[in-house]
Structures are given as C-alpha cells and as structure tokens.
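Q: Model the full structure from these sequences, guided by the hints.
Protein chains in written order, with this note's numbering: chain A, 2 to 210; chain B, 2 to 210.
One or more of the hints may lead you astray.
The list makes no distinction among identical chains, and a pair is therefore deemed to hold if it is satisfied within one copy or across any two copies.
SDA-like cross-link-like pairs, simulated, lysine to any residue; straight-line CA separation at most 20 Å [stated by the list, open to error]:
| no. | residue 1 | residue 2 |
| --- | --- | --- |
| 1 | LYS46 | GLY154 |
| 2 | LYS46 | LEU155 |
| 3 | LYS23 | ARG197 |
| 4 | LYS185 | GLU132 |
These aren't lab readings, by the way, just hints derived from the structure by calculation.
2 protein chains.
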Amino acid sequence: MKFYDCSTAPSPRRARVFIAEKGIDIETIQVDLGNREQLSDWFRKINPYCTVPVLSLDDGTTYTNTAGIRAYLDALYPEPNLMGHTAQAKGRIADLQWRIETEGMMARAEALRNSVPGMKGRALTGLEAYEQIPELAERGKARAARFLAGIEGLVGAKPFVAGDSYSVADIDLMVVVDFAGWLKMGLPDDAVNARRWHEAVSARASAKF
Amino acid sequence: MKFYDCSTAPSPRRARVFIAEKGIDIETIQVDLGNREQLSDWFRKINPYCTVPVLSLDDGTTYTNTAGIRAYLDALYPEPNLMGHTAQAKGRIADLQWRIETEGMMARAEALRNSVPGMKGRALTGLEAYEQIPELAERGKARAARFLAGIEGLVGAKPFVAGDSYSVADIDLMVVVDFAGWLKMGLPDDAVNARRWHEAVSARASAKF
Numbered sequence: 002m003k004f005y006d007c008s009t010a011p012s013p014r015r016a017r018v019f020i021a022e023k024g025i026d027i028e029t030i031q032v033d034l035g036n037r038e039q040l041s042d043w044f045r046k047i048n049p050y051c052t053v054p055v056l057s058l059d060d061g062t063t064y065t066n067t068a069g070i071r072a073y074l075d076a077l078y079p080e081p082n083l084m085g086h087t088a089q090a091k092g093r094i095a096d097l098q099w100r101i102e103t104e105g106m107m108a109r110a111e112a113l114r115n116s117v118p119g120m121k122g123r124a125l126t127g128l129e130a131y132e133q134i135p136e137l138a139e140r141g142k143a144r145a146a147r148f149l150a151g152i153e154g155l156v157g158a159k160p161f162v163a164g165d166s167y168s169v170a171d172i173d174l175m176v177v178v179d180f181a182g183w184l185k186m187g188l189p190d191d192a193v194n195a196r197r198w199h200e201a202v203s204a205r206a207s208a209k210f
Numbered sequence: 002m003k004f005y006d007c008s009t010a011p012s013p014r015r016a017r018v019f020i021a022e023k024g025i026d027i028e029t030i031q032v033d034l035g036n037r038e039q040l041s042d043w044f045r046k047i048n049p050y051c052t053v054p055v056l057s058l059d060d061g062t063t064y065t066n067t068a069g070i071r072a073y074l075d076a077l078y079p080e081p082n083l084m085g086h087t088a089q090a091k092g093r094i095a096d097l098q099w100r101i102e103t104e105g106m107m108a109r110a111e112a113l114r115n116s117v118p119g120m121k122g123r124a125l126t127g128l129e130a131y132e133q134i135p136e137l138a139e140r141g142k143a144r145a146a147r148f149l150a151g152i153e154g155l156v157g158a159k160p161f162v163a164g165d166s167y168s169v170a171d172i173d174l175m176v177v178v179d180f181a182g183w184l185k186m187g188l189p190d191d192a193v194n195a196r197r198w199h200e201a202v203s204a205r206a207s208a209k210f
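A: This is the structure:
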C-alpha cells in the first residue's frame, strides 16, 4: 500500500490525520504540487485525475480522494472509531463531515484558487486548466467568513463537533481552520467554544501530520 | 421519522431512490421549492440550512443532507447493501460517489443555478442570497459536458458503475444524467455502455421515485 501525499496541501492532510489517528503505517510518497508534479507523466499513471491524496494498493486498486481512502481504511481498521459506532452517531458524523467539506473546505478553496497569482489557470484541482473567476473568489471569501463565524455554534459546549468523541468531522474542521490562514482569516477572537475545541484537536499527536 | 422532500428536485431524489431501494416506509412531506417554502418560518425550524432533503427523527434529531441521511439509514437497514460489503467495495463505491457528486452533481448545479432567470439571487441553495455568476455558469456547463462524456469510460463493460452490484454511485450518476436535461445536455449518442447502464438503472422500481 502506498499513500501519495503533499505535506503542504489541505486535501491530503484530511487523509493524513485520519491515518495517524488510526495508527496505520503506510509508505508515503510526496507529490510536489508547487512544481506541478501532479501533472507529470509518472503521476498521471497513478491517478489520471491528477490530484492528491491517493491510496494505491498492491493489486493496482487506487482510491483517488479522501472519501474513498477513508471508507477503505475504516473498513480494514475500524478502531479507533472515527465515523460513529451507532446509527445516530454515523448519521450525525456523516452529516457534519459533508457540511464542513462543502461549506468550509470548498468555500476556502474557491476563495484561494480564484484569487492568488500562483494559481492562475489552476482554479480547480486536476488535469484541466480552468481560469480564475474573481467574482467566485469574492463569493468564496464571504462564504468562508460566514462558515468560520458559525463554528462557535456548530461546536457549542460539546468536547468535539459531533459530540463526545473525536471524529472525521473534527479532522476536516481543523483543516479548514488551519488553512484559513492562507486567506488571512481565522476563528473570531470571541469564539470561546471554537477556540477551546481548536486547541484540543490541535494538541493531539495526529495534528502534527 | 419524517422525510422532507421536493419531488421535482435533484438533491432529494438521491435520498428518495436510496430509501426506495432499501424498501423503507417513511412519512414524506413535500416542500415546495418552486414557491420557496424552504425559506418559510415553519421549515426553518426543521432545517435552519433551508435545504432538502431532511430526515427528522421522533426524538428531534435531524439529518440535513443526503450523506447524513444515507449513513443513518444504512446503519439501521444494512440490506439490500448499497455501499459495499468488503473493504475494497466500500472504498470503491465511496470514491466513485464522491467523484460523481463533486464533478457531476455540482457542475450541473453550478451551470443551472448561475444561468436560469428563475434562480436570480439563488445561485446556491440555502438561506443566503447569492447572485448568479455568468462565468461560473459557463465553467459549469463545460465541466458537466466533460463529465457526461466521461460516463462511458467510467461505466465501461461493468453492469453497474462500481462493478457487479448496484450502489449509491449508480443512484447519484442516474440523478446527474436525468437532470442534465434541464441544461439540454445528455449522454452522447455513441456512449453505448453509458446508455446500456442508464437503461438498466432506469428500469428499476426505485427510479420512479
């Protein structure tokens, strides 16, 4: 099994922290997104979608996104549990994870990729070249700010965002918060619960990954 | 348990077909998106995000998106299996489902919501009013066309998109194809495998839902 990663990028970190929490030892290969190695001939043979993360099995099977990687690894290594034991916990965690990904991760990515000069012609990840859309950057910034402000209510008084147990929803939410810095954004100063939660998840050994 | 639906919209259909395949009998309440009933006071109390689908349990728990609804119901009603029995099948189905949702569903929605006059100020679902971005409509159309053309290769010679068994990936792919008509788009005429697949999934009893 091989894990194709980029240690500086948000998407593969979602898988990386998951792997660290599960305590799975996987050979890791860095793909240098800064030098567009994801578009190289060698990597296109691994993943024609030209994105990381990728998990490649010895039989040639590949999972080309975090959803696939997590579903596979979670079935093989169910503990420690990160996706819920009961039906209600499974539903709650999946519900939150989806919202954090589509409203937090995606808004942040839209804002960044459509505005920074280094991403001209790279407004979406992957093989195709898409030009930046300045209006989409503005919309992404507005959505990301709204999402960041909403974390206070989302976490509330709970230890973790989905309740008493750490889950994939915490991983993705931490990644959103940590990479919001690239947009010079972050948690509001008065977001007491969100800041307490962020401190707790960041203190875990997995957060270093 | 109550299911909040809109019989004419793509997102709730993803949950609806899933429920039909599982054979679960749930009280269904229609939310009239055409008249913006999702923004009404009564529905905001059910789902502050102002979107459908929603699954509401008798104890007040709500799942406010398809991911949460499916995870909960799948844990309660594991058979017939729609998300994979083995680790490899679970990974493969989750991988495909994510790709179909982010590249197919979202591109189609971007194209439509940013172009049709009836959706002015409603470029994203939910409570907030976002103006249409014409460049995003164009990008969405290009991506949707590319995605539709790629279904032929995605399905290939397999009975279903993830292999021998029908899964949530088939449900979401069918919804993308069926709602592409709103953009006057569809499967290419020469997409033999994609057309054979689409005919097979559309002939299932669940496709009427």
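Q: Hint by hint, say whether it matches the structure.
A: Here is how each hint holds up against the structure:
| no. | hint | verdict |
| --- | --- | --- |
| 1 | LYS46 x GLY154 | between (44 Å within a copy, 16 Å between copies) |
| 2 | LYS46 x LEU155 | between (41 Å within a copy, 16 Å between copies) |
| 3 | LYS23 x ARG197 | neither (24 Å within a copy, 41 Å between copies) |
| 4 | LYS185 x GLU132 | neither (23 Å within a copy, 24 Å between copies) |
Checked against the numbered hints given earlier, the structure breaks hints 3, 4 and satisfies all the rest.
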